[in-house]
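Chain A is already provided as a structure; the job is to place chain C on it using the hints.
Residue numbers (our numbering), protein chains in the order written: chain A, 1 to 92; chain C, 1 to 391.
If a hint is listed, it holds; no wrong ones were tucked in.
With beta-carbon atoms standing in for the labels, derived distance ranges:
#: 1; chain 1: A; residue 1: 31; chain 2: C; residue 2: 29; range: 20 to 30 Å
#: 2; chain 1: C; residue 1: 18; chain 2: A; residue 2: 32; range: 27 to 37 Å
#: 3; chain 1: C; residue 1: 91; chain 2: A; residue 2: 76; range: 38 to 48 Å
#: 4; chain 1: A; residue 1: 76; chain 2: C; residue 2: 135; range: 52 to 62 Å
#: 5; chain 1: C; residue 1: 299; chain 2: A; residue 2: 32; range: 49 to 59 Å
#: 6; chain 1: C; residue 1: 135; chain 2: A; residue 2: 33; range: 56 to 66 Å
#: 7; chain 1: C; residue 1: 92; chain 2: A; residue 2: 77; range: 41 to 51 Å
Covered stretches of chain A (chain C as the covering partner; in silico rule of three or more C-beta atoms under 8 Å from a C-beta of chain C):
#: 8; segment: 44-57
#: 9; segment: 73-85
Short, incomplete list of chain C residues facing chain A, as computed with Cβ under 10 Å:
#: 10; residue: 21
#: 11; residue: 22
#: 12; residue: 27
#: 13; residue: 28
#: 14; residue: 31
#: 15; residue: 36
#: 16; residue: 37
#: 17; residue: 38
#: 18; residue: 39
#: 19; residue: 40
#: 20; residue: 47
These are calculated hints, taken from the structure and not from any lab test. Positions of the beta carbon are idealized from the N, C-alpha and C atoms, including for glycine.
So you can see what is in the structure, the chains are spelled out below.
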Amino acid sequence: MPKGEKLSRLAAELADRLELPAGTAGVMRLTLLGGGRALVENHRGIALCTRERVEVRTGAGLVRIDGEALSLDALDREALLVTGRILSLELL
Amino acid sequence: MRAAEFMRGSVRAEISGVEPERCLNALTLSGIAFREAVSEDAFTLRLSLDARDAAEAARIAERSQCALRLLRESGVPAVRRRLRRRAALLAAAGLCFALLAAGSLFAWEIDVVGEESVTEGEIRRALAACGVYPGSFWPGWDADAVCNRLLLELPELSWAGLSVSGSRAEVRVRERIEKPPIVSEEPPGGLFARSTGIIERMEVLAGAPLVSEGEAVVEGEALVTGELPSPVGETRYVRAQAKVTARTWHELSACAPLEYSALSEAGTSMRWALEICGRRVNFFFGSSQTPPGCGKIITEYPLRLEGVFTLPLTLIRERVLRYDAAPAAADTEALTAELSEQLLTELRRRLDGGEVLNYSVSAAESGGALYVTLRAECREEIAVYRPATGS
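Chain A on its own, in the form it takes in the complex:
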């Protein structure tokens, strides 16, 4: 397991024990809005960006979003928004 992923799991574990919201510990949060928008918070960058697939690095691994006419509508250090026709989501 990579070092970053270990740290992320540790932070999640700690937040869980202290009964803190998961978001405060920098845990990745993925929100699917209908079938056309996916919001990824606490990401660690883009691994791949094509019209059919977007891969996002997170503390919990790689999030793969497959679909049609995908685009990155907004991106900053905290979150990114993928729009298009989303067909599947995978956590690798």
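Frame of chain A; chain C shown alone:
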């Protein structure tokens, strides 16, 4: 594009390289916000970012072993840059704006609202006498003085208000309500029958009845007299008042020709004119009067933005329609129905609040005309006042 983005200015850029995603991550880490990132192929991405970040983004792309190429610019900074090179266009726009601003200081449209019995023309003439007419300089108006003068010019008005919005002035008026007479000033007199009929009901409020319920009366017969003899003094004269309801019979006739001239369109022509500050400039030769045997449809296109500004320019389109008249036979049934309807309307007008109990219609053709006769049984008030002679 959102308003804020438009104001800041935005660029569409293309990032190409072996791994354009690396460039996206580098941009994010540098705090450069971008949007609408779309992949063109495995080595090319297109995205939008603020115009002020374009140079920094190009440097970051170079560091990420990618190339950033600007595709197009949009928003206020780009428009401003483009306009800087078009001085004549800018000057023309400025001149238009100045003309518009100067034009809005004159009232090009005056609306009159609230008139009932006083005509709009009378009010407009009175306003013109007060200095309020199309093309007048409205900042020079004194609204209170204009309204006061308008009330003096037109005593039928009880209130007037003047407001200006852009180059449109609105004059609101209220008319004076005449006080109704409380006491009848009519001289003494009696009531007479206006139609022949049988009296069904009679309520005498003043005067002495001369007939009674169930009696038949003929047109012009006295029903109630205003002369009241007194056994102890002189005869008193009053204005007779009574409600006399009677059953009456009416017969009305109307005729119409069975042949009429049917008009058929024989051609149209179009002509244009321009009205500048109330003066008309024709773009055609000859008179602007409608030629005989023709109709004219006038459409006006004023240069204005409703509620914002009005300019003293109106484009006028006149469509002149030529007609040919040909004799045609009228539809007898339709004509009978139309005449019957008109006769009924006329009968109801004559009854003045009375009711039609039943009626029959007969039609006959004679001498190229259709004669329609309406016979009706009605119930109506038949008493009409007539002043006493020599009183």
